[in-house]
Amino acid sequence: GAVVSQHPSRVICKSGTSVKIECRSLDFQATTMFWYRQFPKQSLMLMATSNEGSKATYEQGVEKDKFLINHASLTLSTLTVTSAHPEDSSFYICSARDRDTQYFGPGTRLTVL
Amino acid sequence: AQSVTQLGSHVSVSEGALVLLRCNYSSSVPPYLFWYVQYPNQGLQLLLKYTSAATLVKGINGFEAEFKKSETSFHLTKPSAHMSDAAEYFCAVGGGNKLTFGTGTQLKVEL
Numbered sequence: 001g002a003v004v005s006q007h008p009s010r011v012i013c014k015s016g017t018s019v020k021i022e023c024r025s026l027d028f029q030a031t032t033m034f035w036y037r038q039f040p041k042q043s044l045m046l047m048a049t050s051n052e053g054s055k056a057t058y059e060q061g062v063e064k065d066k067f068l069i070n071h072a073s074l075t076l077s078t079l080t081v082t083s084a085h086p087e088d089s090s091f092y093i094c095s096a097r098d099r100d101t102q103y104f105g106p107g108t109r110l111t112v113l
Numbered sequence: 001a002q003s004v005t006q007l008g009s010h011v012s013v014s015e016g017a018l019v020l021l022r023c024n025y026s027s028s029v030p031p032y033l034f035w036y037v038q039y040p041n042q043g044l045q046l047l048l049k050y051t052s053a054a055t056l057v058k059g060i061n062g063f064e065a066e067f068k069k070s071e072t073s074f075h076l077t078k079p080s081a082h083m084s085d086a087a088e089y090f091c092a093v094g095g096g097n098k099l100t101f102g103t104g105t106q107l108k109v110e111l
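Chains as they are written, first to last, in the numbering used here: chain A, 1 to 113; chain B, 1 to 111.
Quick caveat, the hints were computed from the structure, so don't treat them as lab data. C-beta: ideal position from N, C-alpha, C; glycine also. Treat each hint with caution, since some may be false.
Have a look at the derived ranges for each label pair, beta carbon to beta carbon [as the list claims (entries may be wrong)]:
1. A:His-7 - B:Gln-45: 31 to 39 Å
2. A:Glu-87 - B:Ala-1: 36 to 44 Å
3. B:Lys-58 - A:Glu-63: 37 to 45 Å
4. A:Gln-60 - B:Thr-5: 19 to 27 Å
5. A:Phe-39 - B:Ser-27: 24 to 32 Å
6. B:Asn-61 - A:Ser-5: 17 to 25 Å
7. B:Pro-79 - A:Glu-87: 20 to 28 Å
8. B:Ser-14 - A:Gly-61: 19 to 27 Å
9. A:Ser-83 - B:Ser-84: 35 to 43 Å
Below, a list of computed lysine-lysine pairs in the BS3-like style, where the Cα atoms sit at most 25 Å apart [claimed, not checked]:
10. A:Lys-41 - B:Lys-108
11. B:Lys-98 - A:Lys-20
12. A:Lys-41 - B:Lys-68
13. B:Lys-68 - A:Lys-64
14. A:Lys-41 - B:Lys-98
15. A:Lys-55 - B:Lys-98
16. B:Lys-69 - B:Lys-108
17. A:Lys-64 - A:Lys-14
18. A:Lys-66 - B:Lys-98
Let the hints inform the model, and build the full structure from the sequences given.
See the structure below:
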């Protein structure tokens with residue numbers, strides 16, 4: 001149980017385009033999901049907390065207009081990186097909360113050319 | 001505020017040897033503590049968690065951790081390392097709300 005999927009697993013895009021990443025809880029409902037960013041050889045950095053049916057809460061220093069988060073259902077949250085630039089290239093990981101535990105997706109490798 | 005310190009960014013053991021990965025936490029409230037494992041280019045997999053029940057917690061793949069309040073520690077152990085245990089390990093404090101991660105420990109298992 002407690003499986004979280006992400007799609008796509010890998011995406012390459014041109015600078016200036018937008019990219020959408022999906023995060024789904026497959027076997028449980030998650031009112032809260034989280035989006036993280038991980039740089040090479042580093043720990044996870046929380047970007048935002050996504051609550052179903054309400055606006056996401058962004059961490060300090062994270063641009064909400066650049067990283068759009070939508071949590072339209074109890075099993076799906078999306079992260080859209082708008083007008084992507086090479087510095088947005090990173091590994092993005094989502095998690096979904098089931099009671100007191102976060103379960104993580106497999107991650108999405110974004111490369112912006 | 002909560003924080004986690006993982007001592008040793010890299011740990012190397014021989015196959016069959018004891019694995020010990022250290023984690024110390026700081027929390028103003030009774031903590032929930034977690035160990036996650038990350039294989040290259042993958043997400044995090046939950047190994048085990050402490051949520052104020054038994055202080056010795058058993059997880060998947062033969063790992064266990066002991067919560068020691070007096071030492072503010074939650075070290076991860078495994079009696080006998082296997083090659084497949086080579087990965088990055090993260091200790092985290094928090095829970096359903098925000099998780100605060102340690103900087104991770106890269107475990108290398110040698111023949």
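#### Entry: Range agreement (Cβ of Glu-87 of chain A with Cβ of Pro-79 of chain B, hint 20 to 28 Å)
44 Å, violated
### Query
Okay, Ser-14 of chain B versus Gly-61 of chain A on CB: inside 19 to 27 Å?
42 Å, violated
### Query
Within 25 Å, alpha carbon to alpha carbon, are Lys-64 of chain A and Lys-14 of chain A?
21 Å, holds
### Task
Could you say whether the range 19 to 27 Å given as a hint is met by the Cβ separation of Gln-60 of chain A and Thr-5 of chain B?
22 Å, holds
### Given pair status - Lys-98 of chain B, Lys-55 of chain A, alpha carbons within 25 Å
17 Å, holds
### Message
36 to 44 Å was suggested as the range; check whether the CB atoms of Glu-87 of chain A and Ala-1 of chain B agree with it.
### Response
29 Å, violated
### Message
Given the hint of 35 to 43 Å, is the C-beta distance from Ser-83 of chain A to Ser-84 of chain B inside that range or not?
### Response
41 Å, holds
### Task
For the pair we were handed, Lys-41 of chain A and Lys-68 of chain B, check the Cα-Cα distance against 25 Å.
Violated, at roughly 29 Å.
### Task
With 24 to 32 Å as the target window, see if Phe-39 of chain A and Ser-27 of chain B comply at their CB atoms.
26 Å, holds
### Message
Between the alpha carbons of Lys-41 of chain A and Lys-98 of chain B, is the straight-line distance 25 Å or under?
### Response
Holds, because 21 Å separates the two Cα atoms, which is no more than 25 Å.
### Straight-line alpha-carbon gap Lys-66 of chain A to Lys-98 of chain B, limit 25 Å
22 Å, holds
### Query
CA of Lys-68 of chain B to CA of Lys-64 of chain A, is that 25 Å or under?
The hint is violated at about 40 Å.
In the structure shown, a violation is registered for the earlier hints numbered 1, 2, 7, 8, 12, 13 and 16, in ascending order.
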